[in-house]
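Asks: Based on the provided sequences and hints, a complete structural model is requested.
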Amino acid sequence: MTTNNFSQDEASCPAEGILKQLSGKWKPQIFRLALDGPVRFNALLRQLPGSNKQSVATALKEMEEADILVKTVVQEKPLHIEYTLSERGRAMVTVFRSMEGFLS
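The opening position of the sequence shown corresponds to residue 3 in our numbering, with each subsequent residue numbered one higher.
If you're looking for bench data, these hints aren't it; they were derived computationally from the structure. Please note that a few of the clues may not be correct.
With a Cα cut of at most 20 Å, we get these calculated SDA-like pairs of lysine to any residue [unchecked claim]:
| no. | residue 1 | residue 2 |
| --- | --- | --- |
| 1 | K22 | N44 |
| 2 | K22 | E66 |
| 3 | K55 | N44 |
| 4 | K22 | R99 |
| 5 | K55 | V41 |
| 6 | K63 | L35 |
| 7 | K22 | H82 |
| 8 | K73 | R99 |
| 9 | K55 | P40 |
| 10 | K29 | K55 |
| 11 | K73 | L35 |
| 12 | K73 | L105 |
| 13 | K29 | K73 |
| 14 | K73 | L47 |
| 15 | K22 | F104 |
| 16 | K79 | E66 |
| 17 | K73 | A93 |
| 18 | K63 | F104 |
| 19 | K63 | K79 |
| 20 | K79 | L105 |
| 21 | K29 | P51 |
| 22 | K73 | R42 |
| 23 | K22 | S57 |
| 24 | K22 | L105 |
| 25 | K27 | V58 |
| 26 | K63 | S88 |
| 27 | K29 | R99 |
| 28 | K55 | P30 |
| 29 | K29 | L50 |
| 30 | K73 | Q49 |
| 31 | K27 | Q56 |
| 32 | K63 | V41 |
| 33 | K29 | F104 |
| 34 | K63 | L47 |
| 35 | K63 | S100 |
| 36 | K27 | K63 |
Here are the simulated distance ranges between beta carbons [said to hold, decoys possible]:
| no. | residue 1 | residue 2 | range |
| --- | --- | --- | --- |
| 37 | K55 | E89 | 25 to 31 Å |
| 38 | Q56 | R34 | 18 to 24 Å |
| 39 | A17 | K79 | 29 to 35 Å |
| 40 | A93 | S57 | 23 to 29 Å |
Virtual Cβ for every residue (Gly too), placed ideally from N, Cα, C.
Replies: Have a look at this one:
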């Protein structure tokens, strides 16, 4: 049996579900940066002017829970954590690019 993370209302409008999962402080920017490959927490803080550790950490956690990002602990010295788009996140790229096109 397969399950999805969408409510009945979102099932009638799939775009609504995607927009809800990418809405919130820093999520669209994090998603855009992850399009180019793995991102690290401190790099995100530097690339998101005005951000703070708590808001970025919250956004990353929510995106990981929504299966948009995958968190990987890299066992190199120094130990670090990278975030990459999950399979589901990569499937959202086309929709994200389409939305970017409306703003151009």
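Asks: Hint by hint, say whether it matches the structure.
Replies: Here is how each hint holds up against the structure:
1. K22 with N44: Not satisfied, since the Cα-Cα distance of roughly 25 Å exceeds 20 Å.
2. K22 with E66: holds, 14 Å
3. K55 with N44: With Cα atoms ~9 Å apart, K55 and N44 stay inside 20 Å; holds.
4. K22 with R99: holds, 16 Å
5. K55 with V41: holds, 15 Å
6. K63 with L35: With a Cα-Cα distance of about 16 Å, the restraint between K63 and L35 holds, given a limit of 20 Å.
7. K22 with H82: Not satisfied, since the Cα-Cα distance of roughly 29 Å exceeds 20 Å.
8. K73 with R99: Outside the cut-off at roughly 23 Å; violated.
9. K55 with P40: Holds - the C-alpha atoms of P40 and K55 are around 18 Å apart, at most 20 Å.
10. K29 with K55: holds, 14 Å
11. K73 with L35: With Cα atoms ~15 Å apart, K73 and L35 stay inside 20 Å; holds.
12. K73 with L105: Between K73 and L105 the Cα gap is close to 30 Å, so the pair fails against 20 Å, i.e. violated.
13. K29 with K73: Holds, at about 15 Å.
14. K73 with L47: Satisfied, since the Cα-Cα distance of roughly 16 Å is no more than 20 Å.
15. K22 with F104: holds, 18 Å
16. K79 with E66: violated, 24 Å
17. K73 with A93: holds, 17 Å
18. K63 with F104: violated, 28 Å
19. K63 with K79: With Cα atoms ~24 Å apart, K63 and K79 exceed 20 Å; violated.
20. K79 with L105: Violated, because 42 Å separates the two Cα atoms, which is more than 20 Å.
21. K29 with P51: At roughly 14 Å apart (the allowed maximum being 20 Å), P51 and K29 satisfy the hint.
22. K73 with R42: holds, 10 Å
23. K22 with S57: Status holds; Cα separation ~17 Å.
24. K22 with L105: holds, 19 Å
25. K27 with V58: holds, 8 Å
26. K63 with S88: holds, 13 Å
27. K29 with R99: holds, 15 Å
28. K55 with P30: Given that 20 Å is the threshold and the Cα spacing comes to 17 Å, the pair holds.
29. K29 with L50: Roughly 11 Å separates the two Cα atoms, so the pair holds.
30. K73 with Q49: holds, 19 Å
31. K27 with Q56: holds, 11 Å
32. K63 with V41: holds, 14 Å
33. K29 with F104: holds, 19 Å
34. K63 with L47: holds, 15 Å
35. K63 with S100: violated, 25 Å
36. K27 with K63: Holds: K27 and K63 sit about 12 Å apart, inside 20 Å.
37. K55 with E89: 25 to 31 Å: Holds: the Cβ-Cβ distance is about 28 Å, inside 25 to 31 Å.
38. Q56 with R34: 18 to 24 Å: 21 Å Cβ-Cβ, so the 18 to 24 Å window holds.
39. A17 with K79: 29 to 35 Å: At roughly 44 Å between Cβ atoms, K79 and A17 fall outside 29 to 35 Å, so the hint is violated.
40. A93 with S57: 23 to 29 Å: Check passed, 26 Å falls within 23 to 29 Å.
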